[in-house]
Structure formats: C-alpha cells, structure tokens
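> Given the coordinates of chain A, work out where chain B with the ligands should sit on it, guided by the hints.
Line by line, the protein sequences give chains A and B. Every letter in the first sequence is one number past the one before it in the numbering used here, and letter 52, counting from 1, is 90. Every letter in the second sequence is one number past the one before it in the numbering used here, and letter 46, counting from 1, is 49.
Calculated from the structure, these hints are not laboratory results. One thing to keep in mind: the hints can contain errors.
[As the list claims (entries may be wrong)] With the Cβ distance kept under 7 Å, some of the chain B side facing chain A (calculated, not the full set):
(1) N20
(2) V22
(3) S44
(4) A46
(5) S47
(6) L49
(7) Q50
(8) L67
(9) S68
(10) E76
(11) D79
(12) V81
(13) P84
(14) G85
(15) A87
(16) T88
C-beta atoms are modelled at their ideal positions from N, C-alpha and C, and glycine is treated no differently.
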Amino acid sequence: MEVNGQLVLTVLMGLFLIAVAAWLARVENWRSYTPLAGAGAVGSTEQYVSEEKPSGVIRWLTTVDHKDIGILYGAYGLIAFVVGGLMVVVMRLELADPASTLISNTFYNSLLTSHGITMLFLFGTPIIAAFSNYFIPLLIGADDMAFPRINAIAFWLLPPAALLIWAGFFPIPDVIPAQTAWTMYTPLSAGVGSGNQMNAGVDLMLLGLHLSGVSATMGAINFIATIFTERNEKVSWANLDIFSWTILTQSGLILFAFPLLGSAILMLLLDRNFDTMFFAVEGGAILWQHLFWFFGHPEVYILVLPPMGLVSLILPRFAGRRLFGFKFVVYSTLAIGVLSFGVWAHHMFATGMDPRLRASFMAVSMAIAIPSAVKTFNWITTMWNGKIRLTTPMLFCIGFVSNFIIGGVTGVFLASIPVDLVLHDTYYVVGHFHYIVMGAIAFAGFAGLYYWFPIYTGRMYQTTLGKWHFWLSMVGTNLTFFVMVLLGYGGMPRRYATYLPEFATLHQIATVGALILFVAQVIFVWNFVQSWLEGPKVEDGDPWDLADDDLVTSEWHWFDRKLQTAIADGGEEEAELATDGGERIDDSQSTSDVSSDGGDPVAETDATSDE
Amino acid sequence: MASKTFDKDTMLDLTVNMVPLVIILFFVVGFSVFNPFGFESLASGLQYGILIGSFVLLAALTYLSGKAIAGSEKTDTVYLPGQATVPGATPLHGEHEDAAAEIEESADAEAVESAEGTA
Ligand code: HEM
Ligand SMILES: [Cu+2]
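With the rest of the complex left out, here is chain A:
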C-alpha cells in the first residue's frame, strides 16, 4: 500500500515537471519575441530578447532581471502549491473513513510533514518573493534590485532545496521521507528511540530546509538594501507604497528569524550525525521548542505581512478610493514586526513552563492582536460606502478579510492560556492557522496573480473562470476549516491518520471541502495557463480603469508606457523588438522622462493625458 502511494506521487511529480518544462518552452517562445517563432530557441546565440538578454531556456537560466526572477519564483511557488496540494488531497481521502484504507499510517505522517514544509517554505515564501521581485522595483522606481546577481542566486538555491526536502519520496534505496511534522520536535527528529527517523531522508530534509532559509535570507538582505537605497528620489518614506512597507518589515523579520532556524537545524544535524548532545540532555526538548518557535512565530508573520500588503494595495483600487488610514496600516505593520518576536512561547503553553513567563507571553500575544485588528477595520472602512467592483482580485481580497477575521479571532482565543490548554494540539489549531494560511495568505496571492495578470502576461484571464475559482475556494476553505474548528472543540487531536468513529461525519465534510478546493485549483491552473498562452491581448495600459479614481500606481504607469512604446513604433517585427528594448530602458527611467527612448513623445503625451 505504502509503495503504491509513493509511486503514484512520484509519477505525479514527474508528470508535473514535464508539464512545466513544456510550458516554459512554450512561454519562452512567446516571450522572447523572436521573429523566428518555433525555431527551437534553446539558446542559439543569434537570438536575443534584447541586447543583453539571450533567448530560450538560456535566458531563464542566466537572467538577473528582477521581472524574470519574479516569474521564476512564481512558477516555482505554484509548482510547490500543486505538489503540496496533491499531498493533502491524498491525506484527506485517507481521512474519509477511520480505518487506514488508502495509505499506511507512516506514509500519512510523511505526507503531513512534507505538506506543511512544502506549503510554508516552498510555496508561501516564494510566491511572495514572486510579487516582491517583480513589482517592488517598479513600485519604488528602481532600475532593478540592489544586487541582481544575489537575487538570481537566491532563487537558484530553491530548486535543490525542494529536491532535498522531497528526497524521501523519490525511489532512492533506503531513504524514506521525514515524519517529524514541520515543527521537527526532538527527540523524535533527533532519531532517538526505536522509530525510523534516524533515516537519511530526515537529514536531507533538514539540509533542504536550511538551504531554503539561506535563500530567503539572501532575498531579505536584497530587499532591505533595495528599498533603502534604490528608491527614486521622489519616493520618500512618506510616499512609499504599502506593499513595499510590508516587504521591508518582512525582510527584517527574515533577517532575525531564519539564521536562528539555520543554527538550530545545524545543531540538530550535529546531534543526529556527530553525537553531540544539544537536544539530548535534560531540557533539550524544550530547548528545541524555544529555538524553533523563536523562528516559527515570526515565520507566520513573515508569511502574512506581505499578503496583508497586497490586500491593502489592491482592495482600495476596486473600492474606488484610497486606503483608509494608510499610516495606521504602516505603523501597525511595523508593530507586528517587532511584537512577533515576543510571543513565541504561546506555542508552548502546554509544556509546563513557568507560569509567570507563560503569562507574559499571553500578554504580548494579546497586544499583537491589536495591530492585526486595526488593519481589518481599515480594510472594512475602505470598502464602506465605496464604489465596489467585484472583480476577481477584489473578490479574493474580500475573501481574505473575511477569512482573516475568523483566523484571527480563533488565534486570540488560543493565546489565552486556559483556552489553549484545552485546545492545544487539537484540530482547532489546524483550523485556526489554515484560515490564515489558506484562507488569507493564499487568497491574497490569488488576488495579486489576477490583479497583475495583464502586466506579467500581457493578456487577460477568463473572468468567469476566475469567479468560479473564487467561489469554490471560498466555500471549500470555509467548509474544510470551520469543520476543523468544530472537530477541535470535540477533542479530535491533530496529526493522526485515523480517528474515533464519532468524528467521522465532520471528517467527511472536511474531505468534501478539500475536494471542492481541489476542483477550484484545477480551474485556476487551467485558466492561468490557458489565458497566459491564448488569452486576449491587453492593449490598454490601465485595464482596471484605475485612472478614473486617480488610483494609478507606478507599476501600471510602467506597463502603460511599455504598451505605448510598442504601438508607437509600428510594424510587427520592429514593434516587438522595440517593446523589449523599451522595456529595458523603461526600467531605468520609469522615474524620469520617456524622451530618451527615441521618438516617443507620443507615448509620453498619451500617458499623461490618460491620467
């Protein structure tokens, strides 16, 4: 049974890799603007996207352009989302009945571990990096990232990280997947005892996780440097957009949190392989928990702050007005950043720690709920009496707010010690954080993907499918995770492949919800890929009509000029080449005039009269 499950998964993963390779090959042909379309452009030297950019696969392997790297991050994140999603579909199917019918208990634990790590580190962080890489330089009027090559290196550390993390699933003799859960608590993760976690698969997973942390840290340093030093002179601190603020805060969190995870992982690897005793001595298990959660709690805000920024940026554009209390949102973002380092032990209330210390962590956890709540009120007030347009990105933003409220409120209850002692390690916790990671973070990611779809593809997605995607996701999320909250009240413990018969109905509802979510994501992938390849071309630099309400931001202005320069030059072939030449120059001068682009006063006037 176990072997079957593994095989199925391996085959699926292989199929996806092939699909991606094929997709990249097609996208590359389309994007490289070579007149000789279809001439298998695997980096033949005569073909260039622009002066400095080769075409074909070579372009993607060598690029240091922040926009290309953003697309690479996005593709990577979405592939990881598919992998992690398929893993959980198998798990939910297994949980459709109490017995272990589909997969073994150990394989369930392996999937559970990999699902968590994949979603948090290989989907969550990279999908955020996709947006920040592509759009931060455009939003702040920078030429590119401060360190373009480090940017590329940071991305290219991720594919090996994924291979290491998933290594246990590949048919390698004697290597099995880690079953430690994403929190990797010792002594289990130290390989102690009669279990099978001394296996090299766990070491490989730890190394992969470490590598992804190195990647995230390099990215964070790059963003801090970029936002501090590469801003256009007009973009003062008072003019900085909200998404850049959240990325700046997030990068600060990464800078302090990830190195600590790296060190803790190294200590664990030493314990496993070199007989050190960091986590073996008395108090070692608690030491791990402290180290892990000192990273782990900031990590959840690392994941949620930029999505909050995306929503704060996108939601007002479809409410026809500016963000209410913009500066409240900025300051509360910074407050969350600081306070998130003072709450980690709320994950450890049940460990028997000193009650005085526990009380303090409860206090700070209550305090951190305030800035989150402030933002929620800001979003709601922004929409209040606004001119709301229920486009797909807006629907996802509203879904975000709604799910974030449930996720946040359940979090505040967990932060209260007596409540937590009852609900800790039950499905209630699983419900709480999935409302946030799926219902909020992933939703904001979708909002961003739809909102900027015209910019990075030059095309429009199919709006009806987008709405189907939203509604099915919304229903699926609430069905699945609200039921988990109820399961938690009933006392269903988390991280089990089986359950008592009394929980069957609720578990079956959760499985139905997960399948609805699955269908929704199939629609999304279809819509995304099909529209990227064949969707109607966007000819308007302001496809969302933001200019009507004076809400155009820099990246749309940049996009508008990119389109204008393409049209102004006329002539198919030339126009295409010029677009990209223009694109390259554009970057450096989204800040100044267009005139250096050679005969584009037309574009310039058009752009201004547009606004």
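The following block gives chain B with the ligands in isolation, referenced to the frame of chain A:
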C-alpha cells in the same frame, strides 16, 4: 525639531501603536500588583524582560519610523502612496519649505485629513 515633526497629526497616526504599548504596560503593572506565583529572580526576570523588551523595541521603532515618515512629509512633496513616479499625479500637499506656508500647511493637512475621512 522633534516637536515640529511630532505634531498633532503624527501623534494621531501613532496612536495605533500606543494601544499595544498601553496593553503591555497594563500587564506589567498588573503582574506587579497581582502576583500569585511569587517572585523568583530568573523566572520573574524573564517575565518582565519579555514585556519590557517588547515595549522598548516597539516604542523605539515607532519613534524612528514616525520620525522618518513625518520628517519626509515635511521636506518632500507628498503623493498618494505608490504614485510618486506617475507623471501628472496630484500631490496631496506640496513643498513646505518656507515658514510663511505654516498656516496654509495646517489647513492643507486638515483638508487631507477630512478627505481621508470622507473620501
Ligand atoms: C491574531 C493574532 C494571532 C494569535 C493571537 C495567534 C495565536 C496562536 C496560538 C496561541 C497558537 C498555538 C496554538 C496551540 O498550538 O495550542 C497558534 C498556532 C498557530 N498559528 Fe496563530 N495566531 C495569530 C495569528 C496567526 C497568523 C497571522 C498566522 C499565519 C500567518 C498564524 C499561524 C499559526 C500556525 C501555523 C500555528 C500552528 C503552529 C503549529 O503548531 O504547527 N497565526 N496561533
Ligand atoms: Cu504564534
């Protein structure tokens, strides 16, 4: 300078971070007054360390960011966030270099305020 940067509007913006600060302060006082678990130097030290450390760091960051944001509001043209490099974007309020514009400035700021409130 400090009082000029931290005028009424800026202080109003910063209230959002005062609330968590006050909550932390509340618990500091609360834990001192009602102390069912007694005093023990290490545990109590950590107990107050977490609270006071968070308080100090949050206060410091709030001060610094407030200074940076309000300061650049005084010296540079202010646009809607994300619009500074869009040609033709209307500034929220313009240059405030000359002292004569002081009165106009506060009127301006109020206009922005009310626009923010009602828009
Ligand atoms: C509104 C503020 C929040 C509060 C007060 C809060 C509180 C808590 C508490 C006390 C727990 C521990 C429950 C237990 O294990 O017994 C918890 C778990 C968790 N929270 Fe939150 N939370 C908040 C927001 C968030 C956000 C924004 C995220 C994600 C971005 C998040 C993600 C998680 C995760 C992943 C766990 C489970 C970790 C694990 O044990 O695997 N929480 N939360
Ligand atoms: Cu936490």
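> Return the status of the interface hint for B:E76: holds when the least beta-carbon distance to chain A is below 7 Å, violated otherwise.
holds, 4 Å
> With a cut-off of 7 Å on the beta carbons, see whether B:Q50 makes it to chain A.
Since chain A brings a Cβ to about 4 Å from B:Q50, closer than 7 Å, the hint holds.
> Verify the interface restraint on B:L67: the C-beta must sit less than 7 Å from at least one C-beta of chain A.
Status violated, d = 9 Å.
> Holds or violated: is there a CB of chain A closer than 7 Å to the CB of B:V81?
holds, 5 Å
> Close enough to count: is the Cβ of B:G85 nearer than 7 Å to one in chain A?
holds, 3 Å
> With a cut-off of 7 Å, does the beta carbon of B:N20 approach a beta carbon of chain A closely enough for the hint to hold?
holds, 5 Å
> Given a cut of 7 Å on the nearest C-beta pair, is the interface hint for B:S44 held or broken against chain A?
At 11 Å from the nearest chain A Cβ, B:S44 fails the 7 Å test, so the hint is violated.
> Holds or violated: is the Cβ of B:A87 closer than 7 Å to a Cβ in chain A?
holds, 4 Å
> Tell me if B:S68 is really an interface residue toward chain A, meaning its C-beta lies closer than 7 Å to one of theirs.
Check passed: Cβ of B:S68 comes within 5 Å of chain A, closer than 7 Å.
> Do the numbers back the hint for B:V22, that is, is its least Cβ distance to chain A under 7 Å?
holds, 5 Å
> Per the CB criterion, is B:D79 less than 7 Å away from chain A?
holds, 4 Å
> So, B:P84 near chain A? Judge it on the closest CB pair being under 7 Å.
Since the shortest Cβ distance to chain A is 4 Å, the answer is holds.
Going through the hint list in order, the structure does not satisfy hints 3 and 8.
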